[in-house]
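Whenever a hint applies, use it, and build me the whole structure from the sequences.
Chains as they are written, first to last, in numbering that gives the first Met the number 0: chain A, 0 to 87; chain B, 0 to 338.
Any given hint could turn out to be false.
[To be verified] Calculated lysine-lysine pairs in the DSSO-like style (CA-CA distance at most 30 Å, straight line):
{"no.": "1", "chain 1": "B", "residue 1": "296", "chain 2": "A", "residue 2": "44"}
{"no.": "2", "chain 1": "B", "residue 1": "317", "chain 2": "A", "residue 2": "23"}
{"no.": "3", "chain 1": "A", "residue 1": "78", "chain 2": "B", "residue 2": "280"}
{"no.": "4", "chain 1": "B", "residue 1": "309", "chain 2": "A", "residue 2": "27"}
{"no.": "5", "chain 1": "A", "residue 1": "44", "chain 2": "B", "residue 2": "273"}
{"no.": "6", "chain 1": "A", "residue 1": "23", "chain 2": "B", "residue 2": "280"}
{"no.": "7", "chain 1": "A", "residue 1": "70", "chain 2": "A", "residue 2": "27"}
{"no.": "8", "chain 1": "B", "residue 1": "129", "chain 2": "B", "residue 2": "117"}
{"no.": "9", "chain 1": "A", "residue 1": "44", "chain 2": "A", "residue 2": "6"}
{"no.": "10", "chain 1": "A", "residue 1": "44", "chain 2": "B", "residue 2": "309"}
[What the hints assert, rightly or not] A few chain B positions that, by computed beta-carbon distances, are all more than 10 Å from chain A:
{"no.": "11", "residue": "20"}
{"no.": "12", "residue": "62"}
{"no.": "13", "residue": "110"}
{"no.": "14", "residue": "114"}
{"no.": "15", "residue": "126"}
{"no.": "16", "residue": "224"}
{"no.": "17", "residue": "225"}
{"no.": "18", "residue": "260"}
{"no.": "19", "residue": "284"}
{"no.": "20", "residue": "289"}
{"no.": "21", "residue": "330"}
[As the list claims (entries may be wrong)] Examples of chain A residues toward chain B, derived with CB under 8 Å:
{"no.": "22", "residue": "11"}
{"no.": "23", "residue": "12"}
{"no.": "24", "residue": "50"}
{"no.": "25", "residue": "51"}
Think of the hints as simulated: they come from the structure by calculation, not from any bench. What you are looking at is a predicted structure, and each value in this text was computed from that prediction instead of being measured. Note that the Cβ used here is the ideal one computed from N, Cα and C, for glycine as well.
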Amino acid sequence: MVRIELKVLNRSGLHTRPAASIVKVASKYKCEIELDKDGFVINSKSIIGVMTLAAEQGSILYLITNGIDEKEASDEIAKLFESGFGEI
Amino acid sequence: MSKYDNLNVIVKDKIPVSHLMQSSIEAKSVIGEVGLGNFITEKNLHRPQLALAGYVGLFTFHRVQIFGNTEVNYLNSLTIKEKENSIRRITTFPIPCIILTDGNELDESVLKIFESAKISVLSTKLATTKAFTLLSEFLDDQFSLQATVHGSFVDVYGVGILFTGRSGIGKSEVALDLIERGHRLVADDIIMITKTREALIMGTGTNLVQHFMEIRGLGLIDIRQMFGVRSIRFQKRLEIIVELEDWNENEEYTRTGLDEIPTGIMGVDIMTIKLPIFPGKNITVIAEVIALDYLLKTYGYNASDVFANKLREAIDLKTKNSSNIVENRIISSFQGDRE
Chain A
0 MVRIELKVLN RSGLHTRPAA SIVKVASKYK CEIELDKDGF VINSKSIIGV MTLAAEQGSI
60 LYLITNGIDE KEASDEIAKL FESGFGEI
Chain B
0 MSKYDNLNVI VKDKIPVSHL MQSSIEAKSV IGEVGLGNFI TEKNLHRPQL ALAGYVGLFT
60 FHRVQIFGNT EVNYLNSLTI KEKENSIRRI TTFPIPCIIL TDGNELDESV LKIFESAKIS
120 VLSTKLATTK AFTLLSEFLD DQFSLQATVH GSFVDVYGVG ILFTGRSGIG KSEVALDLIE
180 RGHRLVADDI IMITKTREAL IMGTGTNLVQ HFMEIRGLGL IDIRQMFGVR SIRFQKRLEI
240 IVELEDWNEN EEYTRTGLDE IPTGIMGVDI MTIKLPIFPG KNITVIAEVI ALDYLLKTYG
300 YNASDVFANK LREAIDLKTK NSSNIVENRI ISSFQGDRE
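Structure representation (structure tokens):
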């Protein structure tokens, strides 16, 4: 299991398009991928789930990956957050 | 790039005048068979008032010429000699056809001139404007782009949905299931599509097949006989293409519905949905939902957009208040079992 801390950097937060890109990346991997915001945990392969977080700029999320390709999944999603979903 | 870019499009460049008699203006020839084999090469109509008066510059003689009350009254205001000269002047051009509207008639001597020039003269009882509209529609259809596509075409809640996909994937079975649920079959297997009014694609079946359908392992069935007249229709506007595909894990399927890529068919964009199929997936119900969602969008409600806006507002609110209290439930607290 890999658990990392992520910060939402882009100004408009996890709106529809960033949420869709997280789901797109997460769906490529076999492992279980969850996002935890203030104790509210959702499945990262579900678009409704990720959007429900309504994560604003500056908020902290925890990414938990568990399974065969957990490291790769964790790294790629971390990169997405670092790049601000291409919005910075 | 869509698979419809290389459609085998049929375009008529001419139709014989005799075809006009099949149109709804109920035209009859007033000089027998003369000129019925002439070809019409354009869908536009013309009223030759200036040409009759003597000005033949830019005279669009290759169009169907409409003689309404104005033209006929003008001719009748002339002396016999002037009238014949006027007609002779325009018959030097290879006009395919004259149509007398509103039950107007021409003198015997004038008809003779048309006859010797081998120009057909048809007559209709309809008023000029009405004949004009009907004839325009008829010619527009005759000269429109046509093609055939492979698939099953069904009217679902009044929305024309074309199911496409490799043979054997179950297009006909989906159509059958929809019919069973009260929707209407337009055509199965071979769909003839026509571009009308420059912006619509209309679809119908072939005259031979009509509402027969092949179900693999069963053979031919006749939907009209089996399910009755309410289960079929002859024509429908194509509004949505549903591409049925085998599930492919490398393919990306839309999750938000915000970025739709339409399919261009003969220059008209048609909303397209890629639907992966796998055992246990009920395509029929999804097809109904697609139709209902399309209707909602048509009437101004786009669920994807509405949700995206709600989400944006929620994020904005948090950014402003910078509070960490997450309120995720619809109701703030359960107070007894009220509902």
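Structure-based check of each hint:
no.	hint	in the structure
1	B:296 - A:44	27 Å, holds
2	B:317 - A:23	25 Å, holds
3	A:78 - B:280	35 Å, violated
4	B:309 - A:27	28 Å, holds
5	A:44 - B:273	19 Å, holds
6	A:23 - B:280	21 Å, holds
7	A:70 - A:27	13 Å, holds
8	B:129 - B:117	27 Å, holds
9	A:44 - A:6	19 Å, holds
10	A:44 - B:309	21 Å, holds
11	20	58 Å, holds
12	62	53 Å, holds
13	110	71 Å, holds
14	114	72 Å, holds
15	126	55 Å, holds
16	224	45 Å, holds
17	225	41 Å, holds
18	260	15 Å, holds
19	284	19 Å, holds
20	289	18 Å, holds
21	330	16 Å, holds
22	11	7 Å, holds
23	12	4 Å, holds
24	50	5 Å, holds
25	51	7 Å, holds
Checked against the numbered hints given earlier, the structure breaks only hint 3 and satisfies all the rest.
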